[in-house]
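Q: Single-letter residue listing:
Protein chains: 2
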Amino acid sequence: MIIGAGVLGVTAAYHIKSNNPAKSVLLVDRFSDVSQGNTARSNAMFRNTFTSRDNQLLANSTIDFYIDLQEKSKIDIGIRKTGYLWLMSEEQLSRNARHIEKMEKRGIETKVFGGGQVKDRIPSLCTDFAPTDEDASLMNLDPVDGGVFGAKCGRLDPSKLSKFYLERFLNLGGKTSFNTSAQELLLEPKIPLDIEGEPFVWQDASITGASLTGDLQGNFRAGRVLLACGAWTNEILWPAGIDGHVKAKKRQLFKIASNEKLAGLLRCPGFNNLGDLPFLILPKSGCFAKAIPESREFWVGCDDNLGREYIDIPARDLDEYKAEPQYYERNLHAILRKYLPQFENARPDRMWAGLYSYNTLDYLPFVFEEGGIIVIGGDSGSGIMKADSLGRIADALYREGDGAEATLFSGERYLVKKLGFASRDVEREEWVI
Amino acid sequence: MIIGAGVLGVTAAYHIKSNNPAKSVLLVDRFSDVSQGNTARSNAMFRNTFTSRDNQLLANSTIDFYIDLQEKSKIDIGIRKTGYLWLMSEEQLSRNARHIEKMEKRGIETKVFGGGQVKDRIPSLCTDFAPTDEDASLMNLDPVDGGVFGAKCGRLDPSKLSKFYLERFLNLGGKTSFNTSAQELLLEPKIPLDIEGEPFVWQDASITGASLTGDLQGNFRAGRVLLACGAWTNEILWPAGIDGHVKAKKRQLFKIASNEKLAGLLRCPGFNNLGDLPFLILPKSGCFAKAIPESREFWVGCDDNLGREYIDIPARDLDEYKAEPQYYERNLHAILRKYLPQFENARPDRMWAGLYSYNTLDYLPFVFEEGGIIVIGGDSGSGIMKADSLGRIADALYREGDGAEATLFSGERYLVKKLGFASRDVEREEWVI
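Protein chains in written order, with the working numbering: chain A, 1 to 433; chain B, 1 to 433.
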């Protein structure tokens, strides 16, 4: 049984069913379809530009699979290889030079544009601020002296992607039960004595299933239980005395419909084959703009780390987490309009929020087994771009335990226990701007 | 300002004041004195028997300081060097042989007793169970084939220890404010603009103080804030968007008054200079017995990991966490009476519970700085035995940042950032039985 049919749950379900065809695999989710929770609220970008070897392997192989799917197998998952463009000051460029070198050495394709080259391609970009610009000096805005471009990066459609995995899973004979909510895990002794209060400390016990409500009701037992509940991982695991290792934080996205002024920004030839504006990251607070020319809109956002509270046990109803108009106004828009003046009067016509599931230890995902349950999560906002690899790793753990090596789509091997906690061994990410 | 005057807060306060005599240091706590929270509810044991080099350094040096205090400086902190005795089956002994070897190599004194030697010294111990013993086979109880004895281990009085640090801190001119509760941290911009909603994402901001209630009231600002709130770390940090990295779990202790039958067990010569029974750990579920001959009592407990829930934000009132009579009865006593039959009719006349602050990443403590606040915690139940070292490390971080090396009481140097999260580098503990 797999609890949680977000992008991580559905990829794991597919890979497990695919490699264990004789096993009955049931995928349950409290929503009415796959990826209706935080996956649906995601910015849905992908990139391979990481310095951590683990991030590189997990993302690169996943992206290769997605591209192969769309380009060779002609299954449309909405991929647009727009690239990412990090705009930086001289100081930021020089601070990041060794990271770029490290990526290049490991085959992660990046290109550094000079300030002039960026300005040629995005003429409306404000690359420098006059000393008399009070706003800019108050906000301590850095100039744009260049940009780092990641080529194997872009956007995709998480709904199409999730449906692809679901369909394959169903074709293999996998079963689903939507509108089904896991309430609590069943922790039961291996040899039950039928005495009240079991399991006792001296009994060998493990997670044997979960109590479900909704379309499927009652105590449901399975040979193995896999949990992929994202922000709700602790809610399910903590009562059983197992730590879920995630911390939830609200993240917001604001959609701006393109107007006459903004239209020119949607397409900026010279970066990618599409002629589209790459996913643009400004030199302040991770403020970004995602151009979607086909629907003539931009999605914008930025990172509020300090001051944005961690949520212990998030509400089940994601509508509790609303995007805040004043967050757009005073935080995000204040930056955006300075670098891209055509956003001056831009106001969002739609806004939404979702929850990141942070693994605050090293911000890399985890796949571990404890008390008989396999847990996958902690993707810290990059679940979609690593999902295929994580699904394969969950399957290897399921089949062979944490001493196993998973084979990624790229053919590379990945030692499962590196992503666990008992022997965690991952390279920290340094590409944090 | 140091928030939290448990054993970690008061040692940090002392070391910081001691090495920065010109600084005003204020120690605040919501209780009316030092160490009235979980420190007071602790089992108050200490040991240096760890395989992790970091645990060894932190504990060994702390214990050296405590012993020096009592033996050389003649300051009574209630130390009794009873030793720890882990009773083990053949299989457990053999599984742990390499750990014992590792400890010996690093100068951690251990001694392995054979089954006969243990039985000679604790004649009432049941070292084997007949195949007809239904209870024992149901509970899957291991025989006692020997014991591993840690010599530089024992018990102390956490109240006396904490009062020693407090007195020294006060003598140096440190200030305290008890009955003072920290409600929330103040997160403020370096350059305030006096606009509602500050700090904005584009402002440089940090923790500048806390809002206090009780004997000291209002927004209190300090040059630096250090947090040592144990189980309540997340409650204070999460609203500011900083992770506290602890998870609380209830732990219980049961006091058994000695009767005629039990009296013989309080003293078992042949292990330590006191002639007392060492702190005894049975081969099942970490079940232990602590003999206190001077007050003719035993404290007993055991570990319920799986099935004992993690608590997200613990109640401020520790009385919410009660020891459970049926936990004693069905879990702990069930084991105890099998190995030590004189506990057959023993019932606790006092019982209490407290909260462990687990760092579920590696179960070692942390000392880190984020957003301008220094955080110390995650001791996972071994705060007292590492407190002096952790206080010195917090001081080094305060004075020189996380690139600093702290000098421990033993004279050994410890790189501060090893205990942080950004560059965490600790050896995992393997001595977990």
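None of these hints come from the bench; they were simulated from the model. Heads up, some of the hints might be wrong.
Treat identical chains as interchangeable: a pair holds within one or across any two.
Said to hold, decoys possible - Here are the simulated DSS-like cross-link-like pairs (lysine-lysine), alpha carbons at most 30 Å apart as the crow flies:
#1 LYS190 - LYS322
#2 LYS261 - LYS81
#3 LYS152 - LYS163
#4 LYS119 - LYS72
#5 LYS255 - LYS23
#6 LYS417 - LYS102
Q: All hints, please: hold or fail.
A: Quick rundown of the hints versus the structure:
In this homomeric assembly, LYS190 and LYS322 come within 30 Å of each other (Cα to Cα) only across copies, at 29 Å, whereas the closest approach inside a single copy is 44 Å. For the identical chains of this complex, LYS261 and LYS81 are intra-copy neighbours only, at 24 Å inside a copy versus 79 Å across copies, given an alpha-carbon limit of 30 Å. With identical chains, the CA atoms of LYS152 and LYS163 are at most 30 Å apart within one copy only, with a shortest distance of 23 Å there and 61 Å across copies. In this homomeric assembly, LYS119 and LYS72 never come within 30 Å of each other (Cα to Cα): the closest approach is 35 Å inside a single copy and 73 Å across copies.
Taking the closest pair of Cα atoms, LYS255 and LYS23 never come within 30 Å of each other, the shortest separation being 43 Å inside a single copy and 50 Å across copies. Taking identical chains as interchangeable, the C-alpha atoms of LYS417 and LYS102 lie at most 30 Å apart whether they share a chain (25 Å) or sit on different chains (24 Å).
Violation of the numbered hints given earlier is confined to hints 4, 5; the remaining hints are satisfied by the structure.
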